[in-house]
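Using the sequences plus the hints, can you model the full thing?
In the working numbering, the protein residues as written are 151 to 288.
These aren't lab readings, by the way, just hints derived from the structure by calculation.
Where hints are given, some of them may not hold.
As a list, the in silico DSBU-like pairs of lysine-lysine whose alpha-carbon atoms are at most 35 Å apart [stated by the list, open to error]:
#1 Lys181 - Lys218
#2 Lys181 - Lys219
#3 Lys217 - Lys181
#4 Lys256 - Lys218
#5 Lys256 - Lys274
#6 Lys219 - Lys256
Simulated DEER-style distance windows between Cβ atoms [as the list claims (entries may be wrong)]:
#7 Asp172 - Asp257: 41 to 47 Å
#8 Phe175 - Thr285: 26 to 32 Å
#9 Asp224 - Asp257: 16 to 22 Å
#10 Gly225 - Gly188: 16 to 22 Å
#11 Gly163 - Thr221: 42 to 48 Å
Built from N, CA and C at the ideal position, the CB exists for glycine as well.
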Amino acid sequence: MATYTTEATSSGGGRDGHIRSDDGFIDQDLKMPPELGGPGGATNPEQLFAAAYAACFHGALRLAAGKKKVTVPDGTEVTATVQLAPDDTSFAISADIAAHLPGLDKDTAEDLVEAAHQVCPYSKATRGNVEVSLTTTV
Numbered sequence: 151m152a153t154y155t156t157e158a159t160s161s162g163g164g165r166d167g168h169i170r171s172d173d174g175f176i177d178q179d180l181k182m183p184p185e186l187g188g189p190g191g192a193t194n195p196e197q198l199f200a201a202a203y204a205a206c207f208h209g210a211l212r213l214a215a216g217k218k219k220v221t222v223p224d225g226t227e228v229t230a231t232v233q234l235a236p237d238d239t240s241f242a243i244s245a246d247i248a249a250h251l252p253g254l255d256k257d258t259a260e261d262l263v264e265a266a267h268q269v270c271p272y273s274k275a276t277r278g279n280v281e282v283s284l285t286t287t288v
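In structure tokens form, the structure reads like this:
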């Protein structure tokens, strides 16, 4: 049984449409970015995925740190960069996850980032399907 369930609906044309979550907190127009031939001026699925992955990974980083009895430093940031590129049949995404853990030693920080990558639900969902690279800075 699921601990949490949510849903969102896309209407009006996919990448040039509208999305709304069941609770209304997300209620956004979508537009193709200029790089894909669109007008821009609104968010797009890749931005939403990057934001969600960054937030999820940051939470996983805190979970991993707690299990290892390491305090996540103030100023810790996780940035997810998502790329969309042509593949053999259409397009594929890849992601770069950059974690900045100021004040930790490099080995501890890298250990936490790798542990977070193992428990993050987004990392689990993309494993084997999406190329994900990890970068750690202190």
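Here is what the structure says about each hint:
Taking the CA atoms of Lys181 and Lys218, the gap is near 42 Å; set against the 35 Å cutoff, the hint is violated. Restraint check for Lys181 and Lys219: not satisfied, since their Cα atoms lie roughly 43 Å apart, outside the 35 Å limit. A distance of roughly 41 Å separates the Cα atoms of Lys217 and Lys181; the hinted pair therefore is violated under the 35 Å criterion. Using a Cα cut-off of 35 Å, the hinted pair Lys256 and Lys218 holds, with the two alpha carbons roughly 15 Å apart.
Distance hint between Lys256 and Lys274 is fulfilled; the C-alpha atoms sit about 24 Å from each other, no more than 35 Å. For the hint linking Lys219 to Lys256, the alpha-carbon distance of about 16 Å falls within 35 Å, and the restraint holds. Taking 41 to 47 Å as the suggested C-beta distance range, the pair Asp172 and Asp257 conforms, at roughly 43 Å. In this structure the supplied range 26 to 32 Å holds for Phe175 paired with Thr285, their Cβ-Cβ distance being about 30 Å.
About 20 Å separates the C-beta atoms of Asp224 and Asp257, a value consistent with the hinted range of 16 to 22 Å. The beta-carbon spacing between Gly225 and Gly188, approximately 35 Å, falls outside the hinted interval of 16 to 22 Å. The hinted range of 42 to 48 Å is satisfied by Gly163 and Thr221, whose Cβ atoms lie roughly 47 Å apart.
Of the numbered hints given earlier, the model fails hints 1, 2, 3, 10; all others are met.
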